[in-house]
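One letter stands for each residue in the lines below.
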Amino acid sequence: EADIYQTPRYLVIGTGKKITLECSQTMGHDKMYWYQQDPGMELHLIHYSYGVNSTEKGDLSSESTVSRIRTEHFPLTLESARPSHTSQYLCASRDNFNYGYTFGSGTRLTVV
Amino acid sequence: QKEVEQNSGPLSVPEGAIASLNCTYSDRGSQSFFWYRQYSGKSPELIMFIYSNGDKEDGRFTAQLNKASQYVSLLIRDSQPSDSATYLCAGNTGFQKLVFGTGTRLLVSP
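Protein chains in written order, with this note's numbering: chain A, 1 to 112; chain B, 1001 to 1110.
What the hints contain is simulated information worked out from the structure, not anything from laboratory work. Heads up, some of the hints might be wrong.
What the hints assert, rightly or not - Here are the simulated distance ranges between beta carbons:
| no. | chain 1 | residue 1 | chain 2 | residue 2 | range |
| --- | --- | --- | --- | --- | --- |
| 1 | B | Gln-1080 | A | Pro-39 | 44 to 52 Å |
| 2 | B | Gln-1070 | A | Met-41 | 37 to 45 Å |
| 3 | A | Ser-84 | B | Ser-1082 | 31 to 39 Å |
As the list claims (entries may be wrong) - Cβ-to-Cβ under 10 Å is the rule here; a few derived chain B residues that face chain A:
| no. | residue |
| --- | --- |
| 4 | Glu-1015 |
| 5 | Gly-1016 |
| 6 | Ser-1032 |
| 7 | Phe-1034 |
| 8 | Ser-1040 |
| 9 | Gly-1041 |
| 10 | Ser-1073 |
| 11 | Thr-1086 |
| 12 | Lys-1097 |
Every residue gets a Cβ at the ideal spot worked out from N, C-alpha and C, and that includes glycine.
Based on the provided sequences and hints, a complete structural model is requested.
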């Protein structure tokens, strides 16, 4: 059973809207990550955090922003959505012993 | 050169055969490696990890690590159609982030 939750599961919105994708985990993990993945394509790291008040940009440039005010919560925000933001967004966390990531179910975003 | 490289496939095997998935890495400092399975439209799921040279077995899955040659492999015995998915190899470079390969698509035909 997943201990990392993403909402919404699917989202269709209009161009120019502000959106926040939610990610929460109940495992007490310090490290959390956001990935972007187009269908059939590789994972791209867009943001990560090593703990409260720590956020870093990933390998892929993204117009999104993140915050980490609480250990369990790592939301991703797009201030003005565009069709180029259409993709699947995956949140992951990692335990403090550096085992593998646990991924959430993902949010499939479509901007029309 | 990507830090973690995989053949994109597809790798096609008949049901009951052994599927062999391979991955090479460039960072000799990488300490541990992970194999994820990702079904179409779903999120990646961790199936194996390996830290030491040699083999590690878990049910039908065997992970192999050769640090001298910088390769990692995943063997799936008695392949089933339900094993059809994309398999992602990831290495831990020590910077607390995993570096993922592009994945190998596996097709198991009945």
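Checked hints:
no. : hint                               : result
1   : Gln-1080/B to Pro-39/A: 44 to 52 Å : 24 Å, violated
2   : Gln-1070/B to Met-41/A: 37 to 45 Å : 25 Å, violated
3   : Ser-84/A to Ser-1082/B: 31 to 39 Å : 35 Å, holds
4   : Glu-1015                           : 24 Å, violated
5   : Gly-1016                           : 27 Å, violated
6   : Ser-1032                           : 8 Å, holds
7   : Phe-1034                           : 4 Å, holds
8   : Ser-1040                           : 8 Å, holds
9   : Gly-1041                           : 8 Å, holds
10  : Ser-1073                           : 17 Å, violated
11  : Thr-1086                           : 8 Å, holds
12  : Lys-1097                           : 6 Å, holds
Violated hints for the displayed structure, listed by number in ascending order: 1, 2, 4, 5, 10.
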